[in-house]
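Student: The primary structure of each chain is shown beneath.
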Amino acid sequence: MKTISIKKRLVALAAATALVAGVTTSVPAQAADPACSTASFITTCVGATSDTAPYMFLTTPAFNGTVLVWSHGLRPNVDIPAGIPGYGGYKITNTPEPAPGGDAKVIAALLGAGYGIAGSGFSRQGVNVQQAVATNVELIGVFKKKYPTTTKVVAWGASLGTLISQTLAEKHPTLVDAVALMCPATAPTEALTSYFGDFMWGFKTFFDPSIKGFGYSAGAAGYAEAMGDLVKFFTALSKLQAGLVSGAWPDTSSAGGKALQAAGIPSRSALTLIGLMAGVPMRSEHIDGTSGPVGSEQLFPLAIAPAVAVLENAGTVGLAEVLLMSDAEAQAGGIVFDNTKTDYAARIDADKDVYTMALSGNDAIAGMLGVLAATPKVTGSADAIAKAKTLLSITGTVKHPTVMVTTEADQFTVAGAGQWMIDGYATQYAAAKAAALKAYRTNKTYVAPTNNLVALWDKTAATYTKFTAAGSPDLTATAGKGTGHCKYTPAQYVAVAKMAANAANTGKFPSGGPIATAARKVGLSYDNKFQVPSFKSLG
Amino acid sequence: MNRRKLIPASAVIAAASMLLSAAPAQAAEPGVTATSIKLGITIPMTGIASPGYNKIPGAMKAYFDYVNANGGVNGRKINLVVKDDQYIPTLAVAKANELILKDKVFALVGTLGTASNKAIARSAQLSNRGIPALFVNTGFSGFADKKAYPTTFSLLPSYQMEAKVIGKYLDENFKGQKVGLIYQDDDFGLDALNGFKQAKIDFAVKIPYASGSQAVAGVAGTWITKLQAAKPDVVVLFGVSSATAAALGNAFAYKYSPKWILGSVGGDAVTLAANKVPPALLAGAKGFSFAPAPSDSSDEYIKMFMDVNSTYNKGVAFDNNIVAGMTSAFLTVQALKAAGPKLTRKGLIAAIEKSGASFANPSLTPFAYSATSHVGATGYWIGTYDATGALKPDGGKYTVYTTDSGTGAVVTSTYKRPAMPAKGLPN
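Chains A and B, in that order, are what the protein sequence lines are.
Per our numbering, the very first residue in the first sequence carries number 1; after that it's consecutive.
Per our numbering, the very first residue in the second sequence carries number 1001; after that it's consecutive.
Misleading hints may appear alongside valid ones.
Partner residues are not named here, just some residues of chain B that face chain A (Cβ under 7 angstroms, in silico) [stated by the list, open to error]:
| hint | residue |
| --- | --- |
| 1 | Ala1094 |
| 2 | Gln1125 |
| 3 | Gly1212 |
Across the chosen pairs, the derived CB separations fall in these ranges [unchecked claim]:
| hint | chain 1 | residue 1 | chain 2 | residue 2 | range |
| --- | --- | --- | --- | --- | --- |
| 4 | A | Leu175 | B | Asn1128 | 32 to 40 angstroms |
| 5 | A | Lys433 | B | Ser1298 | 53 to 61 angstroms |
| 6 | B | Tyr1254 | A | Thr379 | 52 to 60 angstroms |
| 7 | A | Gly264 | B | Lys1423 | 56 to 64 angstroms |
| 8 | B | Tyr1254 | A | Gly247 | 58 to 66 angstroms |
| 9 | A | Gln241 | B | Asn1128 | 47 to 55 angstroms |
Think about it this way: if two alpha-carbon atoms lie no more than 27 angstroms apart in a straight line, the pair counts; the simulated BS3-like pairs of lysine-lysine are [stated by the list, open to error]:
| hint | chain 1 | residue 1 | chain 2 | residue 2 |
| --- | --- | --- | --- | --- |
| 10 | B | Lys1206 | A | Lys258 |
| 11 | B | Lys1147 | A | Lys341 |
| 12 | A | Lys433 | B | Lys1206 |
Please keep in mind that the hints were generated in silico from the structure rather than gathered at the bench.
Every residue gets a Cβ at the ideal spot worked out from N, C-alpha and C, and that includes glycine.
Looking at chain B on its own, in the form it has when it is part of the complex (with noise of 0.2 angstroms):
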C-alpha cells in the first residue's frame, strides 16, 4: 500500500469521523475577544437625577483605562458602554436592551436605581438569557433574593439595613422626641420603612412622595408647610439628591431648620452642590456611608482612586461618585480576574458567589456574597457633615455598624477589610 497516499486518507477519514461524532460547539460569549470585554452601564446622565450620578461612568472608566494600561484582565482589555436613561424607568430598559442586542456587551454593570434595575431585570429577561447585572447601584434589599434575580449582584448595602443603623442612632440620640420622615414612594422608601419597623421608630410624620415629583413646582414646599405643622425635632430625608435638596432649599427658604438625617443615596454634599444647595446648609447633619469619605486620603483605597482619577479623569472633583464608581469597577476587575481567562457569563456569576466576599475593596463593612447570597456591603458608620459639606466620623475615627435586610440586631463591626492589593491591580 502506498504510505503517501494512506496518510492524507486516514487524515481525510478522521476528520470526517470528527465531523460526524463532534459535539456542538460552544458558542462564543457575547461582548468577550481574545483582547477585549465589553461592559455596559446605563445610568441618568441627564436630567433631573443626573447631578453628581454622571460621574460615576467616568470614575468607572478612569479605573478600567488604568487596569488596560496595566496589562488589562487575563490579557483582556475593557471596554465601558455608558448609556443614558434619565432616571425613566422605561428609558433604562430601551438602554439595555441596546447594550444587549447591538453592543452587545458581556454584562451590566453599576445600573443605578432600584425602579430602573427591577425593569431591566423584568423587561430585559437577565435571568433568564443569564446576563450579569454587576454591582448595581441600589440598596433595594429585594435584589439579594437570588431566586428573583439570580444574575444581580448587590453593592450599597441595603435601605433596611440603612434605616435600622439610622433607627439605632435615633434610638440612642432622640429617645422620646419627635421624629418626622420624607421617603420616595417605591420599594426604595418602602425598604427603608421595613427597616425603621424593625428598629421600632414611630414618626410622627411621614411625607411620601412619588419619583420624580420633586422636581414638580411647590411640590416640596407642601413638605416644609407639612412638617412645620408637625414640628419634628429631626427630620430624616431618605430620597435621591435632587429630593433632598428640594427639601433643604425649601426649609431654607422657609426659613425652616430642624435638626437633619441624610439617607446616603441622597446625602452626597458635591452632588446636592450641583443641585444648588450650598455645602453650609449641610452643617450639622447627620449622614452615613459604607466607604472612607472621599476627603480621606489617608485611606490607600481613596489615596489609589484620587491618583487614578487625577489621570484618567482629568478635571473631575474627587467625591463619593468617583468612590462609588471606582468601588463598582474595582469590584469587576477582580471578578473578571477571578473568572479566569475562560471568561463565560456563568463562569463570572459562580467567581463572584465563590470568593466575592473576599476581594479587596474600599468597603469599611464586610460583604456577603455566597452560593446563597448576592448581598454587597453590611453597614454604615455615622458621620456629621461639616460647614464644606465634608462628612466627618463621628469621634474622628469610623465606627461601623453592621447588620442585615432581617431582624438581626446593629451591632459594631469588627471585620478587618483585606490589604489593597500592590498599585490597586488585581492579583
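Only chain A is shown next, with the shape it has when bound in the complex (with noise of 0.2 angstroms):
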C-alpha cells in the first residue's frame, strides 16, 4: 500500500512549488487579491495573507460549493543540518500546502469531484497553531471573496496541522462547516509536553547527560545546543541499537547507567522502561511485539522486542522533543516541562509485569527507577507552562461534523491523543443526550442528539514482523499497517475529505453501515467499540 511518508511530501511540495513558480514570483507582500491563472481547466490562485504567509487555492470549473482547508503537519522552524536522521538538509519553507503533502492524486481526486481545495504554508513553521489559525480564517475570507458561490468549508489537517483545524473550528464555529483530523496531536498541551519531556529527560539520565533537553538558550546559541542535541541523541541511540542484544550500554552513560550496567541490567530494559514511562508504542513500523524467529518464538518477543519497538520508534520522539521544546521555550520564555512531580513508578506500575523479561525483573526495575529517582528533575516556568497552553491548547468540543484517523502505533501524534477526542466527545454526547431524556420526560418528544464524531482508526494487525534468515527482525522490510506517523495512502486521505465534506453539506454522518464500508475500502476500520489506552501522562 503507498502511503504519503514524509520524504514523499517534501519531493511533492517541490513540485507544487515548481508547478506555481511563475505565478509566485508575482506574489504581493501584502495582502490583497490572489494571482490566479487557468490551465487544463484548473484555476490556481496564490497569494498571501495580511501576515505573509503564502497561500494556494485550485478550483474546476465544475466547484460545488464546497472548499477543504488543508493545515500541513510539522516543519521544523529551523534549518536542520545535513546527516540528522528524518530531516536532515531541511531549510526552513513556507511553500503553501493545498492538500496532504502537495500529493498529485489527493489532489486531482479532490477537484475531480467539485471539490475547491486551499491550503497556505503559515507564516512561521514550528510551534505555529496561534499563526496558521489566523492565517486560515484570512485565507476562507480570501476564497469566499473570489467564489461566492462557496457554500460549506471543510478544516482539514494532519498532526500539528489537527491542531491548527481543531482550533479553527472551535474559535470561529461560524466559518467551518466540518473537520477532518488525520493523525490528530489533539490533547491537552501537558500531555504533548509530558509525552516528549519524560522520554527525553529518562534517555539523558540514563545513556547521556549532556544532552540539553530542555532550557535551551535564546537566538543562534540555543540553536547550536539543539543541534548539538540532536546529534548526541542519535549518536547513542546508534549505540544502543549496537548494544541491543549484548546489553552494553553507550560509553557516553550516565554514572548511574554505568552502574546499572555494572549490576548486569542491558541497556536494553532500561530504554524499555524508558519508553513505557513517556508512554512510547511498543510496536513500530516492524516490530509487532508478538512474534519471534524460530528457534526464539516467546523470548523475542517477552526480552529483545519491546526495545526495538521503542529503538525504532525513538528516532521521531526524540528528534520531535528537541525541536518542538526549543520552539516552546523560545516563544514562552522559558522552560515549558516540568516532572518535578511526576511518580514514574506509577507511569509503569501497570506494565510492568506485562514487560518483565524485557525490564530484567523486579529488582532490575526497583534499580532502574532508583538511577530515575536520585536524578535531578526539570523545573518548569511557571509562566512559560501558562503561556505554551496558549500556544497549543484546545478543549476538543466537536461543534461540528468531525472525521478522525487514529493510527494505533504512531510514535509522534500517540493514538491517546484520538482517544482523548473520543472520550471527551463520549462525555459531550453523554451531557446531550441527558438532555435529550430531561426534555422526553417533560414533553413526551425524544430527539436522540447528532452523532459528530466518526472515530477511523488504522489498525495493526496481530503479525507483521519478517525476520531474516540470521533470525533478526527485518527493519528494511515493508512497514506494518497501523504503524508510523500519518502515513495514509491517497485514497485514505480522499475518503476522509468526502466523508467530511458530505457531512458538511447534509449537517450530518449517515448511519454506521456506509462509514463503515468506505473506510474498509481504503483499509481503515470504523469500530466505536475501539479504544487504546490514554496518555500516560493523563493516568
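Taking the hints as your guide, dock the two standalone chains into a single complex.
Tutor: In C-alpha cells, the structure reads:
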C-alpha cells in the first residue's frame, strides 16, 4: 500500500512549488487579491495573507461550493544540518500546501469531485497553531471572495495541522462546517509536553547526561545547543542499537547508567523502561511485539522486541522533543516541561508485569527507578507553561461533523490523542443525551442527539514482523499497517475528505453502515468499541 | 365518519407518535442471541507455558457441551472461542481484542496469567467497556481490587493467601531451619512475597527469575548452584510449571535434593510430566490445592467432571487442569443462569456479586464474591505427592485452611460446600 511519507511530501512540495513558480514570483508582500491562472481547466490562485503567509487554492469549473482547507503538519522552524536522520538537510520553507503533501493524486481526486482545495504554508513554522489559525481565517475569506458561490468549508489537517483545524473550528465555529483530523495531535498541552519531555529526560538520564533537552538558550546559542543535542541523541541511539543483544551501554552513559550496567542490567531494559514511562508505542513499523524468529518464538517478543520497538520509534520522539521543546521555550520564554511531581514508578506500574522479562525483572526495575529518583528533575517555568497552553491549547469540543483517523501505533502523535478526543466527545454526547431525555420526560418527544464524531482507526495486525534468515527482525521490510506517523494513502485521504465534505453539506453523518463500508474500502476501521489507553501523563 | 378509514388512520397516528416519543432502543448485547451465548478465552495453547494449561479450554468446552446437550442456559447454547496467546502478554492483548472486536464475545472467561490479565484489562479497556472477565486463572490479589478491575472475577485463592498458608506450614514444621525460595519476579511472585512477609518467614536465600527466563539455557542451573551454596533445609518453588520443571530437572542433574514445597500454580504432576519431569521426582514434596484431588473419585464433583470428560473430552487425561477448566465452566453456567433470560453484561456482573458466594462448585474453601469483593476461593489444603505424582491430603483427609489477602490469620475452615445440583446442571 503506497503511503505519503515525509520524504515524498517534501518532493511533492518541491514539485508544487515549481508548478506555480511563475505565479508566485508575482505574489504581493501585503494582503491583496490572489493572482490566478488557469490551465487544463484548473484555476490555481496564489497569494499571501496579511501576515505574509503564502497560500494556494485550486478549483475547476465544476466547483460544487465546498472547499477543503488543509493545514499541514510540523515543519521545523530551523534549518536541520545534513546527516540528522529524518529531517537532515531541511531548510525552513513556507511553501503553501493545499492538500496533504501536495500529493497530485489527492489533488486530482478532490478537484475531480468538484471540491475546491486551499492551504497555506503559514507565516512561521514550528509551533504555529495561533498564527496558522489566523492565516486560515483570512484564507477562507479570500477564497469566498473569489468564489462567492462557496457554501461549505471543511477544515482538515494532519498531525500538528489537526490542532490548527480543531482550534479553527473551536474559535471560529461559523467559518467551518465540518472537520477532518488525520493522525490527531489533539490533546492537552501538558500531555504533549510530557510525552516528549519524559522520554528525553529518561534518555539523557541513562544514556547521555550531556544532552540538554530542556532550557535552551535564546537565539543562535540555543540553535547550536539543539542541533548538538540531536547529534548526541542519535549517536547514543546508534550505540544502543549496536548493544541491543549484548546489553552494552553507550560510553556516554551517566554514572547511574554505568552502575546499572555493572549490575548486569542490559541497556535495552533501560530503553524499554523509558518507552513505557513516556508512553511510546511498544509496537513499531517492523516490530509487532508478539512474534519471534524460529527457535525464539517466545523469548524474542518477551525479552528483546519491546526494546527494538522503542528503538525504532525513538528517533522520531527524540527529534520531535528537541525541535518542539526548543521552539516552544523560545516562544513561551522559559522551560515548558516540569516533571518534579511525576511519579515514574506509578507510570509503569500497570506495565511492568507485561514487560517483566524485557525489563529484567522487578529487582532491575527497582534499580532503574532508583537511578531516576536520584536524578534531579526538570523544573518548568510557571509563566512559560501557562504561555505554552495558549500556543497549543484546545478544548476538544466537537461542534461540527468531524472525521478523525488515528493510527494505532503512531510514535509521534500517539493514539492516546485520538482517544482523548473520543473520550471527551463521549462525555459531550452523554450530556446531550441526558438533556434530550430530560426534554422527553417533559414533552414526551425524544429527539436523539446527532453523532458528530466519526472515529476511524488505522489498526495494526496481530503479527507483521519479518525475520531474516539469521533470525533478526528485518527493519527494511514493508512497514506494518497501523504503524508510523501519518502514513496514509492518497485513497485514505480522499475518502476522509469526501466523508467530511458530505457531512458538511448534510449536517450529519450517515448511519454506521455506509461509513464502515467506505472506511473498509481504503483499509481503515470504523469501530466505536475500539479503544486505546490514554496518555501516560493523563492516567 | 367511515369507521373502516378511521381505524387505519388511528393506527398511523399511533405509530407516528410512537416514533416521535419512543425512547432510544437498547442496543443488542454483543455475543448473545435468542439461542446462543458466545464466550472467549485466551490462554497458552503452544509454547513454554502451554503444557497442561492447554487442556483447560478443552475441559471448559466439554462441560459447556454437556450443558448444551441438556438444554443450555435459559435456552441458549454456549459457544467458547479459544485463542492461543503463548503466555506472551502482548499477544494476549491482541487475542483478547480479536475476541472482543471480531468474534464479538459476550465475556472473557478463564484467561490465564497475571501479566496477561493485567495487560488485557488495561489495553483492551475492559472496565470502560464493561466487558466481564470471568474466573481468571491467576491468583494475583490485585484483581480483588474492584475499583481497579470492576469487571474481573478471581477464581483461585490469591498468591498471598497461598503464601500465608505455606508460611503456617513452615512455621509448624521447619521452625528455626533455613528456607530457600525461587519465585517469579513479577506481580505473581511479589504477591507471594507479601504473603510470606505476613507470615513472618525469613528466607536464607531468595532467587527471583524473570518470567520466560526459565527457558533460557543455563538459567535454572544457576538457581541450583545458588541453593547448594546457601544450603537451605527446605525450598519453596513459587513459579509456573515450566519453572518448577526446570528447577526439579536441574536439581536432579546436580544431585541436589532438599525438601521441596511446590506452589499450586507449578505443582500439577501431569503438567510437570508434560514438561519431562518424572512423577517420582515429586515424591515427598508438599503441595497445595483448593479443590479436591483429581484422583478423588469419591468426590461428587470430581466424579461428575470425570464422567463429562470421558464423554465430551475423549482421550484427554483427567488432571488438575481439567478440574480447573470445568470449575470455571461450572461457575460460568451458574452465573449466566443467575443473570436471567434478559442477559446483559451488567446483569451478569451483578448476578455474581449478588449470589456468586453461594454458587455450587467443587472448591473446598468458601468463595468471597459480594457487592464489594471479587475474590474467589479463599484457602488451601496441604498434601504430599506420592511416587505417582498424586497429591494426597496429609492425614488422609482434607484439612482446609482459610485466610485473606491482608493481615487476617490463617485458620482451619469450617466451610460446608454446597451440594452439587442434580446431574451437575444448574437449577
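Student: A separate judgement is required for each hint: does it hold in the structure or not?
Tutor: Do the hints match the structure? See the list:
For Ala1094(B), the interface hint holds, since its Cβ comes within 7 angstroms of a Cβ in chain A; the closest pair sits about 4 angstroms apart. For Gln1125(B), the suggested interface contact is upheld, since its CB lies about 4 angstroms from the closest CB of chain A, less than 7 angstroms. For Gly1212(B), the suggested interface contact is upheld, since its CB lies about 4 angstroms from the closest CB of chain A, less than 7 angstroms. The hinted range of 32 to 40 angstroms is satisfied by Leu175(A) and Asn1128(B), whose Cβ atoms lie roughly 35 angstroms apart.
The beta-carbon spacing between Lys433(A) and Ser1298(B), approximately 58 angstroms, falls within the hinted interval of 53 to 61 angstroms. Separation of Tyr1254(B) from Thr379(A) is about 54 angstroms and conforms to the stated range, judged on CB atoms against 52 to 60 angstroms. Between Gly264(A) and Lys1423(B) the Cβ separation comes to about 58 angstroms, which falls inside the hinted range of 56 to 64 angstroms. For the pair Tyr1254(B) and Gly247(A), the supplied restraint of 58 to 66 angstroms is violated, since their beta-carbon distance comes to about 27 angstroms.
Between Gln241(A) and Asn1128(B) the Cβ separation comes to about 37 angstroms, which falls outside the hinted range of 47 to 55 angstroms. For the hint linking Lys1206(B) to Lys258(A), the alpha-carbon distance of about 25 angstroms falls within 27 angstroms, and the restraint holds. Of the pairs offered as hints, the one joining Lys1147(B) and Lys341(A) holds, with about 24 angstroms between alpha carbons and a cut-off of 27 angstroms not exceeded. At roughly 57 angstroms between alpha-carbon atoms, Lys433(A) and Lys1206(B) are farther apart than 27 angstroms, so this suggested pair is violated.
The structure fails hints 8, 9, 12 (numbered hints given earlier, in ascending order).
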